[in-house]
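Turn these sequences into a full structure, and let the hints steer you where they fit.
Just so you know, the protein sequences line up as chains A and B, in that order.
Residues in the first sequence are numbered from 1 upward in steps of one, following this note's numbering.
Residues in the second sequence are numbered from 1 upward in steps of one, following this note's numbering.
Do not rely on the hints blindly, as some may be mistaken.
Claimed, not checked - In silico EDC-like cross-links for lysine to aspartate or glutamate, where the CA-CA straight-line distance does not exceed 16 Å: (1) K36/A with D68/B; (2) K74/B with D104/A; (3) K37/B with D68/A; (4) K74/A with D68/B; (5) K55/A with D68/B; (6) K55/B with E58/A; (7) K36/B with D68/A; (8) K45/A with D47/B.
It is worth saying that the hints were derived from the structure and are not from the lab.
The model shown is predicted, which means the values in this text are computed figures rather than measured ones.
Protein chains: 2
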Amino acid sequence: PHEQKRYTGMRGMNLEEDITMSNKYYLERDIAVIYKKPTPVQIVKVDYPKRSAAKITEAYFRKPSTTDYNGLYKGYYIDFEAKETKTLRFPFANIWDHQINHLDAIKRHGGIAFIIIAFTTLNEVYLLDASYMIEKYRSDGVRHIDYDYIKEKGHLVHQGYAPRLDYLSVIDRYYLKEEKNENPKK
Amino acid sequence: PHEQKRYTGMRGMNLEEDITMSNKYYLERDIAVIYKKPTPVQIVKVDYPKRSAAKITEAYFRKPSTTDYNGLYKGYYIDFEAKETKTLRFPFANIWDHQINHLDAIKRHGGIAFIIIAFTTLNEVYLLDASYMIEKYRSDGVRHIDYDYIKEKGHLVHQGYAPRLDYLSVIDRYYLKEEKNENPKK
Ligand SMILES: [Mg+2]
Ligand SMILES: [Mg+2]
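Right, dumping it as structure tokens:
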């Protein structure tokens, strides 16, 4: 039944919400401290009415400088972006240049950086190390990554009830184990 | 002359801006990846005018769940809050319960957590490990920390031109060295 969980509008759910719920689960059980960053907003005008809360009356969305999520797990700095796609490819139009550069900087400074990609029509979620995304993104002429490549290089994230998306168990299995044994990613 | 730098309104400067400029310096020189989190805002109403950017017309400030700054330095997860005070004490009214709990969680999970406190009338900035702040905050009847205590337990942050506030050199000297030798904070 867990496997039947679909990322559809009908369910009234989405990848972002599932990650937020998973982070809440990790936080409440004192497993990890990972948050979504607030949406960056350029505030232009604020009203200060008497006896009630300050009200922002003019503001604009800004481009995020970094990724959406970061935090701390078992002493490791964790940083990732999460994206849904309805097709069998991840188009680079979905990610900014400076987000790629940010993920690259995180790897360079010893953090764990990845993308979580949900293929909504397949109901599959993958964790892909940022190195693959960065390499493809910087290759001439390549404007997307195929599902097959993500399936090959990435790791399927288990969907369950709590946590909804257990992406930290992927980190345990493939990053922290690699770190101990042979560390092929560094 | 650097020592003459004052945190006054006249100078048109403040602690937050100095930290932001320092983080920019660290980022551009590829020393560290540390950002201020966007101000958390509850967005209620958005207009989508034709041919121009989406305009937020009703929004409210939310309490931050965490601290203002986090990032990555030499493989370490870094997390801190920055506060100015005009008096010779740091009043706990300046910090939220859940920010204290957040800093505590960061230490528990192996991150580096601290407060940067600017005494604006003295023109002195200190980095104080979160453990001292947490302990005092949770002591019965204590509603502030005195300057003398912060001076004793904290570390003076050098003010210069670039970076304006070299707080990472404090991390080098007192955290990373401790880590290698005896690690008394863990
Ligand atoms: Mg995003
Ligand atoms: Mg703050």
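Status of each hint after checking the structure:
1. K36/A with D68/B: At roughly 13 Å apart (the allowed maximum being 16 Å), D68/B and K36/A satisfy the hint.
2. K74/B with D104/A: Roughly 14 Å between the alpha carbons, so the hint for K74/B and D104/A holds.
3. K37/B with D68/A: holds (10 Å)
4. K74/A with D68/B: Not OK: K74/A and D68/B at ~22 Å, beyond 16 Å, violated.
5. K55/A with D68/B: violated (21 Å)
6. K55/B with E58/A: Roughly 7 Å between the alpha carbons, so the hint for K55/B and E58/A holds.
7. K36/B with D68/A: holds (13 Å)
8. K45/A with D47/B: holds (15 Å)
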